[in-house]
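Please work from the sequences and hints to get the whole structure.
Chains as they are written, first to last, in the numbering used here: chain A, 452 to 918; chain B, 452 to 918.
Bear in mind the hints are in silico, worked out from the structure with no lab data behind them. Some hints here could point you the wrong way.
Note that identical chains are pooled: a pair holds if it fits in a single copy or bridges any two copies.
Pairs of lysine to any residue, SDA-like flavour, derived with a Cα cap of 25 Å [said to hold, decoys possible]: (1) K814 <-> A746; (2) K814 <-> D718; (3) K814 <-> L743; (4) K814 <-> N749.
Number of protein chains: 2
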Amino acid sequence: MAEFATDPETAPAVQPVQAEDLLGLDAELVRSAVAALDAGDDDALREILAPMGPAGVADLIEILHGAQRTLMVEHFAGFFDPLVLAELDETVREEVAAQLGTAVIARAIAALDSDDALALILTLGEDMQRRVLHAVPEALRNMLEEGLAFPEDSAGRLMQRELVAVPSFWTVGEVIDFLRESDDLPDDFYDIFVVDPRHRLIGMIALSRVLRTRRPVAILDLMAPVLVTIPLEMDQEEVAYVFSRQDLVSAPVVDASNRLIGVITVDDVVDVIHEEAAEDIMRLGGVREDDLYHAVLNTGRSRFGWLFFNLLTAIAASIVIGFFEGTIEQIVILAVLMPIAASMGGNAGTQTLTVAVRAIAMKELTVANAARMLSKEVLVGLFNGVLFAVIVGGVAWLWSGSPAIGGVMAAAMVITMIVAGLAGLAIPLGLSQTRFDPAVASGVFLTTVTDVVAFLAFLGLGAWFLL
Amino acid sequence: MAEFATDPETAPAVQPVQAEDLLGLDAELVRSAVAALDAGDDDALREILAPMGPAGVADLIEILHGAQRTLMVEHFAGFFDPLVLAELDETVREEVAAQLGTAVIARAIAALDSDDALALILTLGEDMQRRVLHAVPEALRNMLEEGLAFPEDSAGRLMQRELVAVPSFWTVGEVIDFLRESDDLPDDFYDIFVVDPRHRLIGMIALSRVLRTRRPVAILDLMAPVLVTIPLEMDQEEVAYVFSRQDLVSAPVVDASNRLIGVITVDDVVDVIHEEAAEDIMRLGGVREDDLYHAVLNTGRSRFGWLFFNLLTAIAASIVIGFFEGTIEQIVILAVLMPIAASMGGNAGTQTLTVAVRAIAMKELTVANAARMLSKEVLVGLFNGVLFAVIVGGVAWLWSGSPAIGGVMAAAMVITMIVAGLAGLAIPLGLSQTRFDPAVASGVFLTTVTDVVAFLAFLGLGAWFLL
Numbered sequence: 452m453a454e455f456a457t458d459p460e461t462a463p464a465v466q467p468v469q470a471e472d473l474l475g476l477d478a479e480l481v482r483s484a485v486a487a488l489d490a491g492d493d494d495a496l497r498e499i500l501a502p503m504g505p506a507g508v509a510d511l512i513e514i515l516h517g518a519q520r521t522l523m524v525e526h527f528a529g530f531f532d533p534l535v536l537a538e539l540d541e542t543v544r545e546e547v548a549a550q551l552g553t554a555v556i557a558r559a560i561a562a563l564d565s566d567d568a569l570a571l572i573l574t575l576g577e578d579m580q581r582r583v584l585h586a587v588p589e590a591l592r593n594m595l596e597e598g599l600a601f602p603e604d605s606a607g608r609l610m611q612r613e614l615v616a617v618p619s620f621w622t623v624g625e626v627i628d629f630l631r632e633s634d635d636l637p638d639d640f641y642d643i644f645v646v647d648p649r650h651r652l653i654g655m656i657a658l659s660r661v662l663r664t665r666r667p668v669a670i671l672d673l674m675a676p677v678l679v680t681i682p683l684e685m686d687q688e689e690v691a692y693v694f695s696r697q698d699l700v701s702a703p704v705v706d707a708s709n710r711l712i713g714v715i716t717v718d719d720v721v722d723v724i725h726e727e728a729a730e731d732i733m734r735l736g737g738v739r740e741d742d743l744y745h746a747v748l749n750t751g752r753s754r755f756g757w758l759f760f761n762l763l764t765a766i767a768a769s770i771v772i773g774f775f776e777g778t779i780e781q782i783v784i785l786a787v788l789m790p791i792a793a794s795m796g797g798n799a800g801t802q803t804l805t806v807a808v809r810a811i812a813m814k815e816l817t818v819a820n821a822a823r824m825l826s827k828e829v830l831v832g833l834f835n836g837v838l839f840a841v842i843v844g845g846v847a848w849l850w851s852g853s854p855a856i857g858g859v860m861a862a863a864m865v866i867t868m869i870v871a872g873l874a875g876l877a878i879p880l881g882l883s884q885t886r887f888d889p890a891v892a893s894g895v896f897l898t899t900v901t902d903v904v905a906f907l908a909f910l911g912l913g914a915w916f917l918l
Numbered sequence: 452m453a454e455f456a457t458d459p460e461t462a463p464a465v466q467p468v469q470a471e472d473l474l475g476l477d478a479e480l481v482r483s484a485v486a487a488l489d490a491g492d493d494d495a496l497r498e499i500l501a502p503m504g505p506a507g508v509a510d511l512i513e514i515l516h517g518a519q520r521t522l523m524v525e526h527f528a529g530f531f532d533p534l535v536l537a538e539l540d541e542t543v544r545e546e547v548a549a550q551l552g553t554a555v556i557a558r559a560i561a562a563l564d565s566d567d568a569l570a571l572i573l574t575l576g577e578d579m580q581r582r583v584l585h586a587v588p589e590a591l592r593n594m595l596e597e598g599l600a601f602p603e604d605s606a607g608r609l610m611q612r613e614l615v616a617v618p619s620f621w622t623v624g625e626v627i628d629f630l631r632e633s634d635d636l637p638d639d640f641y642d643i644f645v646v647d648p649r650h651r652l653i654g655m656i657a658l659s660r661v662l663r664t665r666r667p668v669a670i671l672d673l674m675a676p677v678l679v680t681i682p683l684e685m686d687q688e689e690v691a692y693v694f695s696r697q698d699l700v701s702a703p704v705v706d707a708s709n710r711l712i713g714v715i716t717v718d719d720v721v722d723v724i725h726e727e728a729a730e731d732i733m734r735l736g737g738v739r740e741d742d743l744y745h746a747v748l749n750t751g752r753s754r755f756g757w758l759f760f761n762l763l764t765a766i767a768a769s770i771v772i773g774f775f776e777g778t779i780e781q782i783v784i785l786a787v788l789m790p791i792a793a794s795m796g797g798n799a800g801t802q803t804l805t806v807a808v809r810a811i812a813m814k815e816l817t818v819a820n821a822a823r824m825l826s827k828e829v830l831v832g833l834f835n836g837v838l839f840a841v842i843v844g845g846v847a848w849l850w851s852g853s854p855a856i857g858g859v860m861a862a863a864m865v866i867t868m869i870v871a872g873l874a875g876l877a878i879p880l881g882l883s884q885t886r887f888d889p890a891v892a893s894g895v896f897l898t899t900v901t902d903v904v905a906f907l908a909f910l911g912l913g914a915w916f917l918l
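Here it is, written out as C-alpha cells:
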C-alpha cells in the first residue's frame with residue numbers, strides 16, 4: 452500500500468452506501484415508496500429513489516403493478532433517469548416507455564454516452580425507436596444510425612464512440628495539457644490510444660502509466676503494444692470470452708484497415724456475460740427467454756413450442772412401448788417398472804449433456820479431444836450402469852419375486868446408462884458443428900434417445916427372456 | 452472522439468493480435484507445439500506459447516495428456532508463468548503443480564499482485580500450499596496468511612492489497628508528484644482513494660479526473676463520495692451482483708470501522724461471474740461441478756449421488772403405477788400412453804423451474820411477489836394444459852379408438868400441467884427460504900411431484916371411468 456504522512460485535521464466524512472443495502476429490495480422500502488405515491492408526495496419519493504441507483508428503481512417499478520405502476524411512472528417522469536429504462540425487463544419497459552412518451556425519452560438519451568444511448572434505443576419497440584431517432588439532435592441521430600447498422604450482438608453495437616486518441620509524437624506533458632483543455636472527453640476512460648495520422652491504432656497507455664510518468668517523456672517511448680484489437684463485427688459472446696480470458700478492462704474496436712473506431716469497456720462486457728449465462732440456463736431448461744414479467748398469454752405461447760416438440764418425442768417413446776402391448780398384457784409388472792430405466796437414462800444423459808454444453812461454450816470440448824471424452828463417458832456410463840444394475844435389479848427381483856425380471860432390469864440399466872453418456876456428449880457435439888445452438892436442441896434429442904433405448908432394452912429383453 | 456492535429460511522420464506499426472485468434476486452440480497450433488516438444492526445441496516452443504497468454508497455454512496443457520503433458524510441463528518450467536497455473540482445471544493443476552515443484556511455484560508467486568498470489572495459493576492442494584508458504588519471503592507469507600484467514604469466497608479473499616491512498620489535504624499536483632516518485636505502486640489502478648489519518652475512507656477519484664484537473668486544485672474539492680463500499684466478509688457472489696448492478700470498475704473493501712483494507716477490481720469479478728454461472732448450470736443439470744478433466748472413477752462417483760437420489764423418486768413413481776396393476780392388466784393401452792403425461796409434466800415444470808431459479812438468483816422473485824407469480828403460473832399451466840389436452844386427447848382417442856380414453860388423457864394433462872407450473876415455482880421458492888440451494892435440489896423434487904401427479908391422474912381417472 453502506498454504510504455503518506457498523516458495529518459491531524461480530519462476531513463468531513465461522507466457516508467457511503469453499504470454494499471448489503473444494494474441486494475434486492477426490502478419490503479419496507481417498497482411500502483414506503485407506495486405510501487409516498489399514495490400521498491402524492493414527490494419529494495419523499497425522490498428521496499427514497501435517489502440512493503437506489505437505476506437498477507434499484509427498475510426493480511421497484513417491476514414489483515409494482517397495475518395502477519400503482521402507472522402512478523409511479525407518472526411521478527418518475529418528473530426526474531427521469533434514462534438508465535432506469537435500460538435496466539427494466541423488456542415487457543415492463545415497453546409499457547413504461549409508451550407512458551413516458553417520445554419527448555421525455557429523446558431528451559434523456561441525448562445526455563447518455565453513445566454506447567448507453569444505442570443500448571437504450573435498441574431496447575425500444577420499432578415504432579418508438581423511429582420516433583425517438585427523429586426527436587434527438589442530428590449528430591447523435593447519425594451516430595445512432597451508424598450503430599444500428601452494425602449486426603445485432605456485434606462489437607459495433609457494444610462499443611462506445613467517445614474515446615481519447617493522441618498522436619505518437621506527443622509528450623506526456625502535451626497529453627496532460629490536452630486532457631485539461633479538452634471539454635468533450637468521455638465521462639470515464641481507462642486507456643489512452645495512440646494512433647497514426649490515418650487514425651490507425653499503433654499503441655495504448657493505461658492512465659496509471661501516464662500519471663506516473665514525467666512530462667518530457669515521449670508517448671512513443673511510453674506506449675505499450677496493443678495486445679488485442681476487437682473487429683467491428685465480432686459477436687458479443689466472443690468479445691466477452693476474449694475480455695475474460697485476457698483480463699481486459701477496455702479494448703479498442705477497429706475496422707478492417709485497423710482504424711480505431713471505438714472502445715469497449717468491461718462494464719458492458721459484464722452485462723453481456725450475465726446475459727449469455729442466463730441465455731444458456733434458459734435454453735437448457737427449454738425456455739426461450741426469461742419470461743418472468745411476460746403476460747400469461749405470451750408466456751404460455753412462448754413455452755408451447757418446446758413442449759410441442761417434446762410431445763413428439765414422448766409419442767415416439769409411446770410407440771416403442773406399443774410394440775410390446777402383448778408382452779405387457781402377460782407381465783404387467785413390466786409396465787410398473789419400465790419408467791425407472793427411462794428416468795435414470797434421462798438423468799444420467801442430462802448430467803453429461805450439461806458438462807458438454809458448458810465445455811463447448813468454453814471452447815474446451817472440440818472435435819480434437821472428442822474421441823477421448825467419448826471413451827471416458829462410455830466408461831463412466833459402464834461404472835454407474837453396473838452399480839445401478841445391481842441396485843435396481845435387486846429392487847425389481849424383490850418387487851416381482853422373479854430373478855429373471857431382476858436380470859432383465861439390470862441388463863437394460865447398463866445398456867441405457869452407456870447410451871445416455873454417449874448421447875449426452877455426441878448430440879451437443881454434433882449440433883455444435885451445425886448452425887444450431889447445442890444448448891437449445893440437445894435436451895429434446897437426448898431424452899428421445901434415452902427414452903427409446905430404455906423402453907426398447909427393458910421391454911425387448913423382457914419379451915425375449917420372459918415369454 | 453477527441454481530435455488532434457495530424458502529422459505526416461508515421462510511427463512504427465505494432466502488429467496486434469486479432470481477437471479471433473484467441474478463440475480456442477486450432478488443431479494446427481496443437482500440432483506445431485507437439486512437434487516442437489518431440490524435437491526438444493525449447494526456442495520454438497517458447498515462440499509458439501508467447502502470444503497465447505496464460506489461458507491459452509493452460510488450454511494447451513489440458514488438451515495434451517499422458518507423456519506429452521509431462522514433457523510439456525518439463526519444458527515449460529524453464530519459462531514458467533504462474534498465471535497459467537491459475538487458469539488450469541483443478542485436476543490438471545494438481546498434477547502440473549506436483550511436477551513443477553515447490554521452489555519454482557514459490558518464486559513465481561512472489562512476482563504476482565497479492566490477489567493473484569492468493570488466488571493461486573488457494574488452488575493448490577493443502578500440502579503444496581504449506582510448502583509454498585514456507586518458501587516465499589516473510590512479508591508476502593504474512594499477507595497471504597491474512598488473506599487465507601478470511602472466509603472462503605469472501606471479498607477479503609478476492610481483494611488486492613496494493614492500492615493508492617492519499618490524504619484529503621493534498622492537491623492534484625502533490626498526488627501526481629507522489630505517483631511519479633513512489634516505486635511500490637500496484638501494476639494497474641483505476642481510482643485513487645482519499646483517507647483520513649486513521650485510514651478511514653472518505654472519498655475517491657477516478658484517474659481520468661486527476662488527469663483532467665490542474666495541479667493547484669485541492670483533492671478535497673475534487674474527490675467524489677464513495678458510492679459503494681464492500682465489507683470484508685461479503686460473499687463473492689454478492690460482490691459480483693453489486694459490481695454488475697452499479698457498473699463498477701473497482702470498489703474499496705473496508706473493515707467494520709470503515710478503514711480501507713483493499714480494492715476489488717472488475718477483472719476478478721468477471722471470473723466470479725463466470726464461475727457462479729457455471730455453478731448454476733451444473734447444479735440444474737445434476738452435476739456437482741465441471742468434471743470434464745476428472746478421471747473416470749471420480750466422475751462416476753460424483754455423479755452417482757444425484758442419480759441415486761433420482762432412483763428413489765423413480766421408484767416412488769413406480770409405486771404409484773403399482774397401485775393400478777389391475778387396471779393396466781385390463782386396459783393395456785393405458786401403460787402405453789402413461790409416459791406422455793409424465794414427460795409433458797416434467798418438461799413444463801422444468802421450464803417454470805428454470806425461470807424461477809434464475810429469478811431467485813437475480814433477486815427478482817421473492818416472497819413479496821410470490822403470490823402474483825404463482826397465480827400466473829397456474830394460468831400458464833391452464834393455457835398450455837388445455838391446448839395439449841385437445842392435442843393429446845385426440846391422439847389417444849385415435850390410437851385407442853376409445854373417446855373415453857381420449858377424455859381421461861385430456862383431463863390428466865390439464866391437471867398435470869397446472870401442478871407442474873405450481874410446483875416449478877413453489878419448490879425453488881420454498882428451498883430458497885431454507886439453507887438449501889434451489890438450483891441443486893429443485894429438479895429432483897419437481898420430477899417426483901410431476902411423475903406422481905401425472906401417473907395418479909391418468910391411471911386414477913382411467914380406473915374410475917373406464918372400469
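Each hint, compared with the structure:
| no. | hint | verdict |
| --- | --- | --- |
| 1 | K814 <-> A746 | between (37 Å within a copy, 20 Å between copies) |
| 2 | K814 <-> D718 | both (23 Å within a copy, 20 Å between copies) |
| 3 | K814 <-> L743 | between (31 Å within a copy, 12 Å between copies) |
| 4 | K814 <-> N749 | between (34 Å within a copy, 23 Å between copies) |
Comparing the model with each numbered hint stated earlier shows that all of them hold.
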